[in-house]
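Student: The primary structure of each chain is shown beneath.
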Amino acid sequence: MTASTPQEFPAEAHAALSDETLKVALRRLKTHFALGRQLAFTRYGDMEALREQGRAIRDYALSRLDSLLESFERQVKSRGGQVHWARDAKEARDIILKILRETGAKTVTKGKSMVSEEIALNPFLEANGMHPVETDLGEYIIQLRKEPPSHIIAPAFHLSKEQVAETFRESHTELDPRRSLEERTTLVLEARRMLRAQFEAADAGITGANFLSAEEGAAVIVTNEGNGDLTRLLPKTHIVLTGIEKVVADLDDVSVLLRLLTRSATGQDISSYVTVMLGPRNAKEADGPENFHIVLLDNGRSRLIGTEAEDVLRCIRCAACLNHCPIYGAVGGHSYGATYSGPIGAALNPNLLGVSAARHHTNASTFCGRCAEVCPVKIPLPKIMRYWRAREYASGLAPKAMTFGLGLWAFAAKRPALYRFFSATVAWTLRKLGGKKGHVHALPIMNGWFAVRDFPAPQGKSFHHLWAHRK
Amino acid sequence: MSARDEILSAIRTRRVKNAPRPARYAPPPPESDLVKQFADRARRTAAEVQILNDLSDVPAAVADILRGKNMEAAIHLPPHSPFAALDWKTAPGLSLESKSPGPDDAALALVPFGIAETGTLVNPARDSAPASWHFRPGLEIAVIHTRDILPHMENVFARIKQSGALPHTINFVSGPSRTGDIEQTLELGAHGPKALAILIVEEA
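Protein sequence lines, in the order shown, are assigned to chains W and X.
Residue 172 in this note's numbering sits at position 172 of the first sequence, with consecutive numbering throughout.
Residue 163 in this note's numbering sits at position 163 of the second sequence, with consecutive numbering throughout.
Note that these hints are calculated values from the structure, not bench results.
From a predicted model like this one, the values you see are computed outputs, not experimental measurements.
Note that CB positions come from ideal geometry on N, CA and C, so glycine has one too.
A portion of the hints provided could be inaccurate.
Computed Cβ-Cβ distance ranges for the label pairs, DEER-style [unchecked claim]: (1) W:Q82 x X:G164: 21 to 27 Å; (2) W:A120 x X:T90: 56 to 62 Å; (3) W:A49 x X:M71: 29 to 35 Å; (4) W:Q82 x X:E72: 27 to 33 Å; (5) W:V24 x X:L52: 44 to 50 Å.
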């Protein structure tokens with residue numbers, strides 16, 4: 001399948017609505033992730049205090065991002081690691097390729113990393129003669145299928161086990177074609193066996209980082225499979241690729257954020273593995289990477305600082321907002337045609353891809369506010385989407401009909417007598433059209449809106465009228 | 001300007017917020033019996049937990065676990081493992097292996113810290129405990145002393161920092177390896193151990 005573009009969102013979303021396999025998968029998000037999160041929060045106790053602490057920790061870090069990054073860099077270097085800075089995706093890709101070439105690497109195992117998707121690292125490495133192998137089971141499956149991830153933490157959740165079995169049968173041609181692949185367990189064990197060989201053979205490993213700690217110079221990842229660790233520990237070179245916004249003050253702050261992350265993401269009190277990575281191994285140690293590199297990516301993050309959208313930098317990529325979003329829950333991740341989907345995608349993409357390219361993402365919202373309610377670091381996602389919508393309007397990118405309509409409304413709204421006359425007339429007309437049932441089914445030039453909705457006809461008197469009477 | 005300087009200067013120029021450092025977080029108070037809390041939380045992560053009276057009971061317990069899982073009577077000990085000094089004759093027929101464990105082998109580890117809040121084992125990498133050994137085997141058997149079980153992750157970080165130079169890696173392990181990547185349904189043993197057995201040794 002070829003990946004769609006953000007501009008194609010309306011058509012892709014429409015098509016997704018009639019995808020039966022996707023529907024089953026999206027329903028499972030509610031019964032698995034959303035319910036799991038709720039149970040984990042109940043078990044914990046005072047989640048509100050924990051969320052508030054998480055917000056404060058991230059806000060503190062973002063307001064000292066420069067000095068925390070400098071401290072992080074100093075600490076990593078003091079233990080023999082190297083820190084690289086990349087202004088954009090291209091710089092990050094070039095830095096990584098250079099490290100791989102200098103260490104003579106060919107086969108590269110990869111832990112799950114959304115930043116790696118953001119900079120489209122795999123196609124670039126392949127074009128340059130490298131052999132990148134995704135090792136997170138979900139990422140491995142979609143790499144074999146040449147699909148982008150459809151969810152931040154569950155990249156292949158949209159597939160059925162039958163589809164996975166088909167993919168394995170087509171890809172693992174060295175195995176007996178008559179083997180049974182009916183059970184999930186069999187599929188997991190087959191991936192375990194195939195990938196273990198890759199781990200052993202890899203020259204370099206690339207992972208992301210969930211957090212960086214400034215005081216200790218640590219990069220921290222969470223995984224459930226242990227793939228991130230085999231990626232870090234077995235090859236000679238380990239490269240961590242992550243965004244500059246991931247740094248916090250120290251490992252105590254990381255401890256607090258971990259409590260929020262795993263509960264919000266999968267409903268676990270803690271993930272099976274949390275790994276604190278501090279540097280290369282010393283000469284007498286039996287394992288661990290000899291070379292340790294950190295690539296810090298900006299790619300538009302710093303330009304959000306000081307804007308009304310800067311709170312989005314607090315994000316810890318748990319995907320709770322996706323799991324609770326009525327839009328994402330109906331159309332899934334692929335419809336967005338972008339690395340980040342759902343509410344967090346709608347908040348990040350205008351900055352990453354441009355206000356114009358991502359305009360459908362910010363407009364695809366009911367503003368129900370569930371995303372902000374479940375966000376572990378209290379990002380006001382609807383507010384940020386409104387900010388991007390305002391930017392879209394201000395730069396004249398909004399559709400002509402919408403600009404014209406809003407202009408007309410603004411003209412009337414500034415003239416109270418005119419406004420009252422028009423609203424009374426419109427209300428009267430709609431009431432007549434609504435008839436006995438009180439619902440309007442169609443209006444001229446508004447076919448698009450009425451195609452999927454009815455409009456309740458205004459009942460009774462206007463607010464102005466009632467106000468004047470009560471006084 | 002270098003990329004580094006340009007990024008740092010962009011951050012400095014744009015910044016308007018000055019958020020205060022929040023007060024230290026107080027995690028939920030630990031239960032009165034830390035060992036019981038640890039064992040209970042570890043079982044929730046699908047680890048098997050046993051309590052032993054003495055370190056000398058470890059060989060027999062290891063043999064029992066392997067037998068119970070129909071695994072080969074062999075246990076991998078890393079070079080310089082403190083367990084090499086145990087009397088393994090108490091577990092007849094059990095062979096000791098020193099090479100790196102494969103995906104169906106069993107390995108034994110001495111774990112220096114545990115976290116009661118989550119039933120987590122904490123393994124700082126060191127000569128006698130290579131980090132990859134927590135991920136290579138099919139079964140990890142982890143031994144921990146009751147005195148090393150601390151309430152929270154924060155307590156463990158404080159202890160590791162006190163002990164001097166930081167290791168290259170600290171691995172926090174809570175239960176066996178797992179994945180929910182196929183139909184969001186939990187399966188154990190994705191890449192790391194398919195099973196984790198914890199032997200808690202009580203202080204004499």
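Student: Decide, hint by hint, whether the structure agrees.
Tutor: Outcome of the hint check:
1. Under the hint 21 to 27 Å, the C-beta atoms of Q82 of chain W and G164 of chain X, about 24 Å apart, fit the expected range.
2. Under the hint 56 to 62 Å, the C-beta atoms of A120 of chain W and T90 of chain X, about 58 Å apart, fit the expected range.
3. At roughly 45 Å, the beta-carbon separation of A49 of chain W and M71 of chain X lies outside the given 29 to 35 Å, and the hint is violated.
4. Between Q82 of chain W and E72 of chain X the CB atoms are about 43 Å apart, so this pair departs from the stated range of 27 to 33 Å.
5. Our hint of 44 to 50 Å for V24 of chain W and L52 of chain X holds, since their Cβ atoms are close to 47 Å apart.
Against the hints set out earlier in the document, violations occur for numbers 3, 4.
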